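Undergrad: Chain by chain, the residues:
Protein chains: 2
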Amino acid sequence: MAVNHLDNLSQTLLMGPGPSCVPDQVYSALSRYTIGHLDPRFIAIMDEIKKRLQTLMQTENSLTIPISGTGSSGMETCFVNLVEPGDSVLILKNGVFGMRMEDLGTRLGAEVEVVEFEWGTPIHVEKVHACLAKKNYKIVAIVHAETSTGVMNPVAEIGELLKDNEALYLVDTVTSLGGIPVETDNWHVDALYSGTQKCLSCPPGLAPISLSEKAVETIKSRQTKVPNWYLDLTMIINYWAGETRAYHHTAPINMLYGLYVALGIILDEGMENVFARHRQAHNHLVEGLEKLGLSMTVAADSRLPMLNAVNIPEGVDDGQVRTQLLKKHNIEIGAGLGPLAGKIWRVGLMGHTARTENVDRLLTALQDVI
Amino acid sequence: MAVNHLDNLSQTLLMGPGPSCVPDQVYSALSRYTIGHLDPRFIAIMDEIKKRLQTLMQTENSLTIPISGTGSSGMETCFVNLVEPGDSVLILKNGVFGMRMEDLGTRLGAEVEVVEFEWGTPIHVEKVHACLAKKNYKIVAIVHAETSTGVMNPVAEIGELLKDNEALYLVDTVTSLGGIPVETDNWHVDALYSGTQKCLSCPPGLAPISLSEKAVETIKSRQTKVPNWYLDLTMIINYWAGETRAYHHTAPINMLYGLYVALGIILDEGMENVFARHRQAHNHLVEGLEKLGLSMTVAADSRLPMLNAVNIPEGVDDGQVRTQLLKKHNIEIGAGLGPLAGKIWRVGLMGHTARTENVDRLLTALQDVI
Chain A
139 MAVNHLDNLS
149 QTLLMGPGPS
159 CVPDQVYSAL
169 SRYTIGHLDP
179 RFIAIMDEIK
189 KRLQTLMQTE
199 NSLTIPISGT
209 GSSGMETCFV
219 NLVEPGDSVL
229 ILKNGVFGMR
239 MEDLGTRLGA
249 EVEVVEFEWG
259 TPIHVEKVHA
269 CLAKKNYKIV
279 AIVHAETSTG
289 VMNPVAEIGE
299 LLKDNEALYL
309 VDTVTSLGGI
319 PVETDNWHVD
329 ALYSGTQKCL
339 SCPPGLAPIS
349 LSEKAVETIK
359 SRQTKVPNWY
369 LDLTMIINYW
379 AGETRAYHHT
389 APINMLYGLY
399 VALGIILDEG
409 MENVFARHRQ
419 AHNHLVEGLE
429 KLGLSMTVAA
439 DSRLPMLNAV
449 NIPEGVDDGQ
459 VRTQLLKKHN
469 IEIGAGLGPL
479 AGKIWRVGLM
489 GHTARTENVD
499 RLLTALQDVI
Chain B
139 MAVNHLDNLS
149 QTLLMGPGPS
159 CVPDQVYSAL
169 SRYTIGHLDP
179 RFIAIMDEIK
189 KRLQTLMQTE
199 NSLTIPISGT
209 GSSGMETCFV
219 NLVEPGDSVL
229 ILKNGVFGMR
239 MEDLGTRLGA
249 EVEVVEFEWG
259 TPIHVEKVHA
269 CLAKKNYKIV
279 AIVHAETSTG
289 VMNPVAEIGE
299 LLKDNEALYL
309 VDTVTSLGGI
319 PVETDNWHVD
329 ALYSGTQKCL
339 SCPPGLAPIS
349 LSEKAVETIK
359 SRQTKVPNWY
369 LDLTMIINYW
379 AGETRAYHHT
389 APINMLYGLY
399 VALGIILDEG
409 MENVFARHRQ
419 AHNHLVEGLE
429 KLGLSMTVAA
439 DSRLPMLNAV
449 NIPEGVDDGQ
459 VRTQLLKKHN
469 IEIGAGLGPL
479 AGKIWRVGLM
489 GHTARTENVD
499 RLLTALQDVI
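Just so you know, the sequences run in chain order A and B.
Residue 508 is where the first sequence ends in the working numbering, and the numbering goes up by one at each step.
Residue 508 is where the second sequence ends in the working numbering, and the numbering goes up by one at each step.
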């Protein structure tokens, strides 16, 4: 190898929309010896990962496992297993990640209905209530933490509306899990998916999901086979939870070592402490940005702590600021997506990154480059 | 964390059907600092991975990239992008992995025709010739190295038959790539997929694929959208090869570091040397097994060097031998799959594992436990 590109990799302060900073113990876990995916020692690790995910997701769902792909493969898994052609799916959309759900539901032949809310504002519970009064849906889908705008959606309140409704409640918790409470069972969630590279502080590559008994029953009573071999949960369950642990596909062993340790670190710190650390870092950031004369995109009462949308001041060159931050200060922040491109920056305070000292580093660097 | 399951992980000699042993440099790459998936330094690594894959796959296909999932996600990607409902797909089957293709093609609504050959024997070229004379297919699919039986199929010869045929030639090279020649362009292959955990000696988690211009044109002229968001190549191409490198999903950064280095190690050793090392280890194994009175399942002229099916002698307890090998000698070998369960062992000599000293260790251990 003439040039080794890995030699240039200095440690970057990852304050974008993910990946976030990774603790040393997780890096170390990734490079532990690979063993077989049916080795009893590996089965023990899988079992512990399931338990740790159940704790973090606050659920007793037995189908609580990581899918072998990045966060979006979790979305794919939930949709492709639950949706059949012609199913009515209501999507509550206020950003890019709601738009993705719409795209995917349509690809799978669902009758997708979308209620859209202004990007940068949360889903209105009353409007959802009105929709549910008019029609029965098979699935109602929402994004908990809309990573494209920094908005927190009222997942608990909408869960309350759906408590006695036939619809399955499907929630994207890619950015929320590990940074704010995700109360799967209390909120009557039937299917949720997340990703490792946000508040779990593990590199990208796995998508933790959890499905309720009701969701599992829905899959078991499908009229058609799941139109996806790789993500067919009826087969994957046998490997992750079956008595014989039947081989389906070769699990991503070393990534799972990383997730195992990353979850352990969160639970050791204590979930409440972790959530408090996120809020603290967020408050420190907002205060600091406002002192610099910068303003937040989202109103205070629906801001996410881990994903902060900041309005780019007029006359400031978006790309140049981000490039300078990366090249000069080794700090990554995120650009706006879709209609918000060029209008906002997205500052991530996710997992291991969410510390006031990191916020201070960013504020100093921002002062330098703007 | 009360118990750390990773503390128990001694180095296991991985001689099953994958994962295979991983070189230290690859482990070390996995634990390098995570950087952003749009960071210019990461784009440079992606570009180099594409080049290295093109070299190893012996292709000029520009769409030569790793998919963010394990080997089977490569199969899923090729099928879901190329197949539309009603398409005629011919599957040449002589093992579990051909059976998977059949399952997946059917799920996607294709008109699947299967020609089955006895498991443990290769696909007959003449029979394929006869099929092609009778009908036009959109896709003809075959497994190069049938991991369930240890048979090498005549991919080059069937490619010759398909040279002037309209059909797309789809080849599973999960177990072959990096262990025996895969001449994508010379063999007129239009779509191939592989996995990292076999002869590439990288942990499981990525699926390198390559698609010809003809395959790309087929995707571009689809009547229907790809019924899969995560694996839609028309979007993934923009991230891996587009001028603006548009974000699709967050790439599995650290796994890609591992693949980058794993490919570098193979190319540094030299492909011909790597292939020779596989043949040498294989010959050494066959000789040693025969001395022990054990027999091979597959006839000599169609044996794979990297996946050796060994007949379990009568009266020998399959499970006990494998458990003893693992517990006492820290060596993993594989069980038979499907109809071959309990009848054969599968001894992998893949990538970093394929060394005569490893074969000697296995032979000594086998003598001890049988």
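Since the hints were made in silico from the structure, they are not lab data.
This structure is a prediction, so every number in the text was calculated from the model and none was measured.
Accuracy of the hints is not assured; some may be wrong.
The calculated label-pair distances, taken between Cβ atoms and stated as ranges, are [unchecked claim]: (1) B:GLY453 / A:ALA384: 43 to 49 Å; (2) A:THR362 / B:ASP145: 44 to 50 Å; (3) A:SER200 / B:GLN149: 31 to 37 Å; (4) B:ALA437 / A:SER166: 20 to 26 Å; (5) B:ARG179 / A:PRO178: 36 to 42 Å; (6) B:MET409 / A:PRO178: 35 to 41 Å; (7) A:ASN376 / B:GLN149: 24 to 30 Å.
Pulled a few chain A residues facing chain B out of the computed Cβ check, cut under 7 Å [stated by the list, open to error]: (8) THR172; (9) SER200; (10) THR208; (11) ALA305.
All residues carry an ideal CB built from backbone N, CA and C; glycine is no exception.
Undergrad: Now tell me, hint by hint, if it's right for this structure.
TA: Structure-based check of all given hints:
| no. | hint | verdict |
| --- | --- | --- |
| 1 | B:GLY453 / A:ALA384: 43 to 49 Å | violated (26 Å) |
| 2 | A:THR362 / B:ASP145: 44 to 50 Å | holds (46 Å) |
| 3 | A:SER200 / B:GLN149: 31 to 37 Å | holds (33 Å) |
| 4 | B:ALA437 / A:SER166: 20 to 26 Å | violated (46 Å) |
| 5 | B:ARG179 / A:PRO178: 36 to 42 Å | holds (40 Å) |
| 6 | B:MET409 / A:PRO178: 35 to 41 Å | holds (36 Å) |
| 7 | A:ASN376 / B:GLN149: 24 to 30 Å | holds (29 Å) |
| 8 | THR172 | holds (5 Å) |
| 9 | SER200 | violated (20 Å) |
| 10 | THR208 | holds (5 Å) |
| 11 | ALA305 | violated (22 Å) |
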